[in-house]
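Assemble the whole structure, with the sequences as input and the hints as a guide.
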Amino acid sequence: MSVVQHKKVELTELFYDLVYVYAISQVTSLIHHVHHGIVEPYAFFTFFIGLIIFINSWMVQTVFTNRFGSNSLTNILFMFAQMICLLISSTAVTEDWSSDFTLFILPVAFISFILLLQYVAEYFKTDNQADKQFIRQFFYILGIRSAVLFLAVWLPYQIGLLVAAAGIIFTWLLPSILTAPTKRMMHEGVTPLSFPHLIERLSLLVIITFGEMLIGIAPYFTRGRLSLDSFLIFLIVTNLFMIYIVEIDHLIDVNTSGVSGNGAIYYHYPILFGLSLVTVSLGFLGNQEADSGFALLMLYLGILLLLGALFLHGAYNKKTHRFNRSFYLSNFGLLVCGFVVSLFFLNSAHVLVMIAFLTTMLIMILFVRFNLKRLSPVN
Numbered sequence: 001m002s003v004v005q006h007k008k009v010e011l012t013e014l015f016y017d018l019v020y021v022y023a024i025s026q027v028t029s030l031i032h033h034v035h036h037g038i039v040e041p042y043a044f045f046t047f048f049i050g051l052i053i054f055i056n057s058w059m060v061q062t063v064f065t066n067r068f069g070s071n072s073l074t075n076i077l078f079m080f081a082q083m084i085c086l087l088i089s090s091t092a093v094t095e096d097w098s099s100d101f102t103l104f105i106l107p108v109a110f111i112s113f114i115l116l117l118q119y120v121a122e123y124f125k126t127d128n129q130a131d132k133q134f135i136r137q138f139f140y141i142l143g144i145r146s147a148v149l150f151l152a153v154w155l156p157y158q159i160g161l162l163v164a165a166a167g168i169i170f171t172w173l174l175p176s177i178l179t180a181p182t183k184r185m186m187h188e189g190v191t192p193l194s195f196p197h198l199i200e201r202l203s204l205l206v207i208i209t210f211g212e213m214l215i216g217i218a219p220y221f222t223r224g225r226l227s228l229d230s231f232l233i234f235l236i237v238t239n240l241f242m243i244y245i246v247e248i249d250h251l252i253d254v255n256t257s258g259v260s261g262n263g264a265i266y267y268h269y270p271i272l273f274g275l276s277l278v279t280v281s282l283g284f285l286g287n288q289e290a291d292s293g294f295a296l297l298m299l300y301l302g303i304l305l306l307l308g309a310l311f312l313h314g315a316y317n318k319k320t321h322r323f324n325r326s327f328y329l330s331n332f333g334l335l336v337c338g339f340v341v342s343l344f345f346l347n348s349a350h351v352l353v354m355i356a357f358l359t360t361m362l363i364m365i366l367f368v369r370f371n372l373k374r375l376s377p378v379n
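Counting in UniProt numbering, the sequence shown runs from 1 upward without gaps.
Honestly, I wouldn't trust all of these hints.
As the list claims (entries may be wrong) - Subject to a maximum C-alpha distance of 25 angstroms in a straight line, what follows is the list of computed BS3-like cross-link-like pairs (lysine-lysine):
id, residue 1, residue 2
1, 318, 8
2, 319, 7
3, 7, 318
4, 125, 7
Claimed, not checked - Quick list of simulated restraints, FRET-style, between CB atoms:
id, residue 1, residue 2, range
5, 33, 318, 40 to 46 angstroms
6, 9, 371, 21 to 27 angstroms
7, 288, 9, 41 to 47 angstroms
8, 340, 208, 19 to 25 angstroms
9, 369, 11, 33 to 39 angstroms
10, 288, 223, 15 to 21 angstroms
11, 99, 44, 16 to 22 angstroms
12, 212, 173, 22 to 28 angstroms
13, 156, 322, 50 to 56 angstroms
Quick caveat, the hints were computed from the structure, so don't treat them as lab data. From a predicted model like this one, the values you see are computed outputs, not experimental measurements. In this text, a Cβ means the ideal position worked out from N, Cα and C, and glycines have one as well.
Spelled out as structure tokens, the structure:
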């Protein structure tokens, strides 16, 4: 089996990420508003579907760039075309999609079609039969998705939304089925996935999402709201960032070969969902209109999604850095204790922030300690 060389992340890829950060922030804004103290279920549904749409488009482009993409003018133009469509779609994200549904879905359908054209162009460009077999799988994925989304545009809003949601979820799960036999295909000569490049691209998107979280907590640092809670909320964000970085930057073996990368891709969905929930919940803790119990539930659910996804990444960890049962129990135990204790102080936002800070700090210490204990003396 050939050794996968590290693929450089191009500046055009980072430029491409910027518009997706805006798109994710727009979708997250759907759950920023409360009615009777909580976020309505419909808002969560649209948030869930919108986030899957945008992140999945980013993932498909990233997989293409990882395996076949070069910093050629053709690939750059394909990316720029997607960015234009994404900007149009993002601006149509509102609390009520009924009026702007077409303006949201139609550009997304074109993004899927552009991605399909990109794979078609590569299909006719390559002479590698194994690559052609691999690319044909994306013909099904992107072809079905494009057709469903274009169909949804012409249907009444209520029906169109359900059709689009069903098509998106189906094609979102399809890669885990169609692209699963990657190890066998690599032996047959398919272009191997660059795992270091994939992890770097995923981590860069998450880091930029943390940047959006910092923007979300910035109001706590205004003259009228600056307090001890402001610094504690900032430290909650930095604790979560350190937890993520320890796993992704120190525990994972990026030099592993023969992996499909599907796991790392799918595991990052709950990470991005979790960070979005944390961003919104931190804003709710200082909002008198939001129910404190609901804000607390969103906060700890977001942290749970982050932790759970990072533990799933443990399958990619270095052999010396595999998680053990006591580590799982310690982290989840701290999270549960933090949540339960907080239930007794729902009337005090300051105490809730303090408990969340202590909980995330202790979990962060566990991750750092876990890594340091397994470093060799040479390091």
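Hints and how they fare:
The suggested pairing of residue 318 with residue 8 holds, with an alpha-carbon distance near 22 angstroms, which does not exceed 25 angstroms. Note on residue 319 and residue 7: the hinted pairing holds, with a Cα-Cα distance of about 24 angstroms set against a maximum of 25 angstroms. The straight-line distance between the Cα atoms of residue 7 and residue 318 is roughly 20 angstroms, inside the 25 angstroms bound, and the hint therefore holds. Pair hint residue 125 plus residue 7 holds up; C-alpha atoms about 21 angstroms apart against a cutoff of 25 angstroms.
A beta carbon spacing of about 44 angstroms between residue 33 and residue 318 agrees with the range 40 to 46 angstroms that was offered as a hint. For residue 9 and residue 371, the hinted distance range of 21 to 27 angstroms is satisfied, since their beta carbons lie about 24 angstroms from each other. For the pair residue 288 and residue 9, the beta carbons lie near 43 angstroms from each other, so the given range of 41 to 47 angstroms is met. Separation of residue 340 from residue 208 is about 33 angstroms and departs from the stated range, judged on CB atoms against 19 to 25 angstroms.
The beta-carbon spacing between residue 369 and residue 11, approximately 37 angstroms, falls within the hinted interval of 33 to 39 angstroms. For residue 288 paired with residue 223, a C-beta distance near 19 angstroms keeps the hint of 15 to 21 angstroms intact. Separation of residue 99 from residue 44 is about 20 angstroms and conforms to the stated range, judged on CB atoms against 16 to 22 angstroms. Between residue 212 and residue 173 the CB atoms are about 26 angstroms apart, so this pair conforms to the stated range of 22 to 28 angstroms.
At about 52 angstroms, the beta-carbon gap between residue 156 and residue 322 stays in the expected band of 50 to 56 angstroms.
Hint 8 from the earlier list is the only one contradicted by this structure; the remaining hints agree with it.
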